[in-house]
Structure formats: structure tokens, C-alpha cells
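Please work from the sequences and hints to get the whole structure.
Chain by chain, the residues run as shown.
Protein chains: 2
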Amino acid sequence: LSKDWRKRARERLNNLAIPIGSLGRMLDLAEQLAAIKETLQPSVKKKAIVTMAGDHGVVEEGVSTCPQEVTPQMVYNFVAGGAGINVLAEVAGAEVTVVDMGVAQDFEDLVAQGKILSHKVDYGTGNMVKGPAMTREQAVQSLEAGVNIAAGLVREGVELLGTGDMGIGNTTPSSAIFAAFTGRQVWQVTGRGTGISEQVLEHKIQVIEKALQVNKPDPNDPLDVLAKVGGFEIGGIAGVILGAAYYKVPVVVDGFISTAGALLAQRIAPQAVDYMIAGHCSMEYPHQMMLEELGLSSVLSMNMRLGEGTGAALAMCIIEGAAAVIGKMMTFEECGVARNKSKEYVQ
Amino acid sequence: LSKDWRKRARERLNNLAIPIGSLGRMLDLAEQLAAIKETLQPSVKKKAIVTMAGDHGVVEEGVSTCPQEVTPQMVYNFVAGGAGINVLAEVAGAEVTVVDMGVAQDFEDLVAQGKILSHKVDYGTGNMVKGPAMTREQAVQSLEAGVNIAAGLVREGVELLGTGDMGIGNTTPSSAIFAAFTGRQVWQVTGRGTGISEQVLEHKIQVIEKALQVNKPDPNDPLDVLAKVGGFEIGGIAGVILGAAYYKVPVVVDGFISTAGALLAQRIAPQAVDYMIAGHCSMEYPHQMMLEELGLSSVLSMNMRLGEGTGAALAMCIIEGAAAVIGKMMTFEECGVARNKSKEYVQ
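Protein sequences, first through last, are from chains A and B.
In this text, residue positions in the first sequence follow my numbering: the first is 1, and each later residue adds one.
In this text, residue positions in the second sequence follow my numbering: the first is 1001, and each later residue adds one.
Accuracy of the hints is not assured; some may be wrong.
[Stated by the list, open to error] Partial pick of chain A residues on the chain B-facing surface, computed with a CB cut under 8 Å:
| no. | residue |
| --- | --- |
| 1 | Gly62 |
| 2 | Cys66 |
| 3 | Val79 |
| 4 | Ala80 |
| 5 | Leu294 |
| 6 | Leu296 |
| 7 | Ser297 |
| 8 | Met302 |
| 9 | Leu306 |
| 10 | Cys317 |
| 11 | Val325 |
| 12 | Glu334 |
For the record, the hints were derived by calculation from the structure and aren't laboratory data.
Every value quoted in this text rests on a predicted model; they were computed, and no experiment measured them.
Cβ coordinates follow ideal geometry from the N, Cα and C atoms, glycine included.
Given below as C-alpha cells:
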């Protein structure tokens, strides 16, 4: 990001007719938006959430409370408008683009009607306990799909992107990706997903450990990590984030699965982090650790753990507020308020 | 609040097509909104923030970094639309009503043009180090003004209220009110306001201790506390909250000063707490303690400490999201998604 624009933004923010620093994290968001968009009046009015769906061969190991058919059922729910992401995106004024990245079922009807995009890489990944989740070519294909979707939305004028996921079992590859890149112990980075019991959690940890042993993903090769222990929607999300960074559009990263995509994006292009905003901190407990790994601090902390892009959508109103803080508030000079002698401070 | 409506709301929320509990605090907000409005489709579309301004005789003791004339200057800034509350309320879709509760200056022009409401009780409170901040009659008058303003907004169809404040020096009476009601040591409940130095903070603590010694407010008599160590805008805010509760409209409480008003409202009518939503947790460090005293947990935590209603405005989008969660999301039965076996859990 442009250091010059960061400086110009901070100068304006420090001159707003408020005690210095008193809008806290809103000022940091405002500075980031201004630096990304290289203007002191950044607009994030036109918003889009990309919700990527995919299935996971590893569910046959019994790592989720949900049957796999819930993935396509939820795709139909997204189209019907009754899911969390639909109602929260509406409040935020964001359009939702649902993408089939690799659900184990076809949606000819929805694709034909233009209700979802199909970038189907395959009918679900392979079971990573038995071999790689996908081929290296498929990993590239899933990333490229995400980049292209971001490009299309930017071309339509989208000024703020958000990511979301749907895929039964997808906390399992997300934890595997985190462990693969960082060498952390699997039990440290594995949570309870949709709400599995302690016993199933133990089993999930063993499944991930086995997948890492069998596949030996190379932490220095992000494509290898994605191919061996990733997922099509996770690759797609990483692609959306890379596309957002390429086109200089801020991207709100949702929860645990989206952040696994963000981690992939960061390992491919470290400067992509500058374009990311962590929408919320999920209840999936390793999420906080993953955000720290990326150097991100979340906008919201609402004890949510739903995915779909719900945390990203909810944060978009706050981010729009930050754009208004730098773009529309007046400085001491502009509004004729007496400058005070307050100093910035941290508790 | 109606236990029956709470139960009906929770039943629906537990049947939404999501892993049970996975929308976290959004579900608690949704339940509260449904119980307040006694419907499973609560609307909070029409929103208003009441920003109350008042001056404080105690500023002559040197407890703030800002000169007193900043209070009226900021009132003009609110009317010009360049303040934080203007731009954040706009993002939330909330109207801002600015009220002169007792600024040490007249605003004939603004009142005549209908740009602010005048419920001026006096030209600033008395210096509470030398005697009561106001008479008991003035305390009643400030509460009544708030109740009447809430009533007027509810009559206009407002479905979600928010509070805000402007008044140089008003963290001082807010800390005094907190100490007076709870018997906490003054140093425990006194923060740095707009950003005073350690040295001025020491002095501020002594000023509040002296005001409490001189006035001896009776903690069992909320009107006595308001009269002796309060402020006109703080009484007005308490009135807005009482009015909201009376008319069964949820009210978003802003930061430290608004929460001092909320504490007054709770001591007058304990059940008023059921109608309160804490918009954010302020950087003014005793704010968190004050929220705990009320049993409230804040929606946002953005390191803000500006007042004006900015934290309330920012939280309104989230609250609107919660209304949509209960009002618009589909249950498993409604959307035909397979019910999973997940259990609610807390990390």
C-alpha cells in the first residue's frame, strides 16, 4: 500500500474535529480504505459477497455433524433468500454471488437461470486421508476461478468485496491448511465446527494428522498445500482475495474457512494482506490464532460460527462507516471548532 | 419483558437452518427485539439518535482539555452535518435529533429554523464542587424533557432509538454518578475523557471526591444523585431511555455518558434495562464496569471514546441484522435443509 496515502489519510484523520484518536479502530479502517483506494474519499457503497460452495471427500471419515447433502440444500436456500447470508447482506446493501466451486451435485437449473455461477472443479474433493484432495491443476483452476470472479465484480463497479463459504466438512481442510503452513500441532488448530462432540473432535484431530502424514504438503509451496489438504471453495476464496488485491479493492474476510483462504492468498502474495479486513472473530477457536498469524485484528466479535460470509456482511456497515469518517467528517478548520489540547492515548 | 415472547423467539431461532447457536450474540439480540416488540418479525427500520447537549459548571475546575465553547461549536457542527454522529447515523439510516438541554449559550437561530430542539433547563449546571449541579425541580425537568422527546419520536414511528451526548466536562458528572450509586472509589471510576494528562486526571479525581463530600447525594434517591452531581444532558438521556422503555421501543445506549444516564434510568425503573442495548464499549475505562453494573454486554468494541451517539449509530446496523435474522431467515422446515445433530456449545 502507498505509504504516502497512508500518511495523507492519517493527517486528515488527526485533524478531524474530535479528541485525537477518539474514533479508535474506525480511524485505522479509514486509513486502510484511503490507502487502498488512493483517495481521501474512498467509496465502499457498492458491495458484493462471494459465497463459494464445495464438498469434501473427507466427510466420509465422519468429521461433521451434518450429512453432505446439506451443502447443495444450502445452495438452494441461498437462492431462495432464506439463509443468514441473504438477510445480513441485504442489511449491509451487498449483493450475494453464489458459486458452485465443487459441490457433489449439479445445479443445471440454478446455473441456467443465472442464479448461481458454476466454476465446478469436480464433484467434491478426494478424501485427503487417502491421498491428495485434488490435483495441482485443480488447485490452480480453483484459484483462477476466484480471481476471475473478483475481476468480473470489480468490472461491474463493486467497491468492497467479501468472502463466504459453504461446504459440509470444510473446517477440517481449513485446520489442515493452518497446521501445514505453520507447523502447529493439529489439536491446537482444530475446533468443533458445526458443533461436534468432544469424542468426534478427537477423531477429527486424528483424521487431520493422518492426512498431513499421508500427503506431506510442502509449507513453502502454497499450491501444494491447497492441492493436498485444501478444498475447491477454499482455493476459490483465496483467488477472490488475490483478485481483490490485484484490482486494489478491499476484501472483507469472513470466518475460519475464509481465513484459511486468506492464509493461502498471503502465502502466494504476502502483500495481499494489506487489502484484507477481518470481518469478525469466529467462535471456531483457532480462528483468532489464524488472524494473528496474518497480523489481522477483527472488526466484530459476536460469537458467531456460521460462515456463508455472514461475519463479512455484518462488518460491511462498520467499514462503510469508516469510509464516511474520512470522506465526510469535517476537520477543526472546516467546521470552526476550537482545537483542544488532548493527546492520543491507549488504556 | 414477556417471558412468553422470549420463549417463542428462542424456539424459532433454535429452528433456523443453521448449526444451533451459530449466530451467537445475534440470536440474543434477535430474542430481545422480538420480546420487546412482541412479534417474531420485529422491525427496527425507522431509527433515531437523540444527541443531547449540556454544559457543566465543574469545568471551571479545569477537568477537561477542551474549552467550554466547544459544546456550542459542536452543536453547530451537528447541524452542518460534519460531525461523527452525522456521518455514522447516515450509514445506519438513522435521523439525528439534536437537543439543547442546557448549553451555556442560546441557539435562537437553530431553534427558529427547526434544526435543533430546545429543552434548555439552564445555562449550564452549577459547579458541583460548590453545591448541587441543579435543583431537584431541574432534575425532574431534564428527565421529563427526555421522556417527551422519546414519546414524540415514537409517535412519528421510530422503531429503534439511540442516545448520544455532547458536553465539555461531562465525563466528570458521569463518574460522579457512578461513584454515588455504587460506593466505588472515585479513582476506580474516573477516566481520561477527551485525553487529559495523568496530572489532570489526579486533579479530576479530587474534584469528584470533593463534589461527593460537599453534596452527599443519596444513592437510594436517583433524583438526588442527578440533581447534586449530574448534568442536564445526562438527565435528558435517562429520560429518553425511560420513555423508550415505557413505549416498548429498544434503545441503543452509546458510551460512558449515555451509560451514566442508563444507570439513572435503571435506578428509577429497574425494568428499563430490558429495553437497553449497549452499542459499544468505550475506551473510557470505567465504561466496561458500568455496563457490568447494568448487566449489559456491548455489541461493539472499537476503542472509540467520542460520544455524540457514534457508538450507538454504529451498532444500529448490527441490530437491524439481528431483526432480519429472526424476521427473515428460514427454519429447517421452511427451506427443506436436513436437520443436523449439532449441539450448542460455548468455548
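query: Hint numbers the structure violates, sorted upward?
result: 1, 3, 5, 6 and 7
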